[in-house]
Amino acid sequence: MPRKYDNQPIRISPQSRIRAEDALSKIRLSPGMTANDVVETVAEVIGKPIVLESTVDDRFKTTTGTFAITLEFVFIVFRGIDPHSYQMHSLFHELGHLLCGHTNCERPATAPDSDPTRQLLWNEAEREAEFLAYKIAALISRKPRSSQAFG
Amino acid sequence: MREPSTLLLYLTGIILVLRAPYALRTKASRPGWLAGTFGLLAVICLGFVIPIPELDAVLGSAGYWNILGSTSAILSFHFMYQAILIHTSREAARFYYPGLMLAIACCSACFALIDDKQERFVSVEGFIATLIDQPWTALYLSIYLGSVGIISLLSLYAVWQTAPRSKVFIAGFSLVSLGNAIDIGLLWLQHTKIVGPNVPAFLYKVYIALFFAGVIILCGGFLRGSFYSLLRYHRFLYYAVRIWRILAHTEAKSPNWLAVFLDPKNACYQGLILVRDFMALGGFILNSSELTLTHRADDLLTEFPLTNSS
Numbered sequence: 001m002p003r004k005y006d007n008q009p010i011r012i013s014p015q016s017r018i019r020a021e022d023a024l025s026k027i028r029l030s031p032g033m034t035a036n037d038v039v040e041t042v043a044e045v046i047g048k049p050i051v052l053e054s055t056v057d058d059r060f061k062t063t064t065g066t067f068a069i070t071l072e073f074v075f076i077v078f079r080g081i082d083p084h085s086y087q088m089h090s091l092f093h094e095l096g097h098l099l100c101g102h103t104n105c106e107r108p109a110t111a112p113d114s115d116p117t118r119q120l121l122w123n124e125a126e127r128e129a130e131f132l133a134y135k136i137a138a139l140i141s142r143k144p145r146s147s148q149a150f151g
Numbered sequence: 152m153r154e155p156s157t158l159l160l161y162l163t164g165i166i167l168v169l170r171a172p173y174a175l176r177t178k179a180s181r182p183g184w185l186a187g188t189f190g191l192l193a194v195i196c197l198g199f200v201i202p203i204p205e206l207d208a209v210l211g212s213a214g215y216w217n218i219l220g221s222t223s224a225i226l227s228f229h230f231m232y233q234a235i236l237i238h239t240s241r242e243a244a245r246f247y248y249p250g251l252m253l254a255i256a257c258c259s260a261c262f263a264l265i266d267d268k269q270e271r272f273v274s275v276e277g278f279i280a281t282l283i284d285q286p287w288t289a290l291y292l293s294i295y296l297g298s299v300g301i302i303s304l305l306s307l308y309a310v311w312q313t314a315p316r317s318k319v320f321i322a323g324f325s326l327v328s329l330g331n332a333i334d335i336g337l338l339w340l341q342h343t344k345i346v347g348p349n350v351p352a353f354l355y356k357v358y359i360a361l362f363f364a365g366v367i368i369l370c371g372g373f374l375r376g377s378f379y380s381l382l383r384y385h386r387f388l389y390y391a392v393r394i395w396r397i398l399a400h401t402e403a404k405s406p407n408w409l410a411v412f413l414d415p416k417n418a419c420y421q422g423l424i425l426v427r428d429f430m431a432l433g434g435f436i437l438n439s440s441e442l443t444l445t446h447r448a449d450d451l452l453t454e455f456p457l458t459n460s461s
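If you're matching them up, the sequences are chains A and B in order. Under our numbering, the first residue of the first sequence is numbered 1, with each subsequent residue one higher. Under our numbering, the first residue of the second sequence is numbered 152, with each subsequent residue one higher.
Okay, chain A solo, but in the shape it has when bound (with noise of 0.2 Å):
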C-alpha cells in the first residue's frame, strides 16, 4: 500500500489496523471507481444486495448515516442534505462496517466527551470503519496510471 494513503487522520490500534486492511484487501479497488461501483464489489463480498437511501428525516439530524442487515438485503441510510462528499463518506463507513463484519453502526448512549469526533469515533469498530472510509476514498480517487505516466 503507498505510504501517502495511511496519513489518514483516525488513529486505530495495530490490531485494528491489521482488521481493517485484511477487510480492503477482499476488496479491490482501482481509480475511477464510482461510489455505486464500490458498493456493488461489497455486495459481491457479503453475499446479499445492498439497498441505498437518501434521507432527509429529522431524525437523521445528528446521524450522518446507518445501515441495517436484513436475511436478504442490506439497507444502509445517509443524510440527504450532505454535501456529496460528506454523503459518500458516509456511505463508505457504512461499508467499512460491513467489510468488517460489524452487526450495526452505533452512537453512545450518553456523550462521552465534548469533542464532536471522539463523539463519532468512541469505539474500535467506528474507528475501523471511519478508517476504511478513508481508504476506500483515497484508493479509488488515485490518479489512472496512465495518468500518471503524463500528470
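These are computed hints drawn from the structure, not numbers from a lab. Predicted model, so just to flag it, every value in this text is computed and none were measured. Mixed in with the good hints there might be a few duds.
[Stated by the list, open to error] Heads up, simulated DSBU-like pairs for lysine-lysine below, C-alpha to C-alpha not over 30 Å straight-line:
1) 61(A) / 404(B)
2) 268(B) / 356(B)
3) 268(B) / 344(B)
4) 48(A) / 61(A)
5) 178(B) / 26(A)
6) 26(A) / 48(A)
[As the list claims (entries may be wrong)] Derived coverage of chain A by chain B (criterion: at least 3 residues anywhere in the stretch with Cβ under 8 Å from a Cβ of chain B; other residues may be distant):
7) 80 to 90
8) 127 to 138
Virtual Cβ for every residue (Gly too), placed ideally from N, Cα, C.
Got chain A sorted already, so can you dock chain B onto it with the hints?
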C-alpha cells in the same frame, strides 16, 4: 540549431522541475521525468548553454561530451518509450532491452575507435565535418541516430495501436523517426562523398527542422498533463489550507502541513469531513463565506477525484 535547442532546453528544464514532485512519489511518473532529465543533459551537451571546452573540462578533457550527449539522447528516448508503455498499458517489444544495451555498447565502441583527438572539437557540426570520412564516425552516429529512430518508431507503434490515438505523440514520434532516417542517409552521403556540398547542407536543415519539431511537440505532450495536474494541485492546496484554517477555530488538531502540501486533495477531503462532523455534532457554525468555501471544495472534490454514484 541554437534557437530550437534553447527552446528545448527550457522545455526539458520545466519537465525536470514540474514533474519532480510526482516522480518522487509515484513510480509510474518516473520514466517521463527521467526522459526530460536525460533530454536536458543531451541538450546541454550540444554546447549552447555551457561552452563545449568547459563542459569537456568537467568530464576530464577527453572529448567525452560527445558520447555523453548521444547516450543521454538514447536514454531520453528509452524513458520516453517506457512512459508511453505505461500510458498505453503495453509490454515492451521483444528483444528491446538486449537490443538497447547492444546499441549503447556498439555506439561507445565505435566512438572509442574513432582515430582523432576528440577534445579539439567545440561543436557537433565541427566533429562531423572533420571526422565523417572515418567509417567509425559514420557507424557511431548511425547507431546513435538509428537507436533513437527505432525507439521512436516503437513508441509510435504503441501509441498507434492504442485508442484513443494521441495526435500529439503520433506527430512527435513520426517527425523524430523521419528526421533521424534522413540524417542517417545524409551521414552516409557525406561519408561516401557521392553528392556535392549543397545537398548535405539542405538535408541537414531538413533533419534539424524535423527532429527538433518532433521533440518540441513531444515535450508539449509530456507537459500537458503536468500543467493540468499543477493547476489541480494548486486548487486543492488553496481549499485544503482554507478549510484547515476554519478548523483552527474548533481547536481541532493542527494538520501535518507536510502531508497537506504533498497531498492537498486528501487533506481537502479530510478537512471537509471534519468540518461537517463539527457542524453536525458540535454545533459549530460557519459564516456565509466559509460555507460557500466548503461547498466549492465539495464541488471540486466530487467533480474530479471522487466520482459520484448517481
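Sort out which numbered hints this structure fails and list those numbers smallest first.
none
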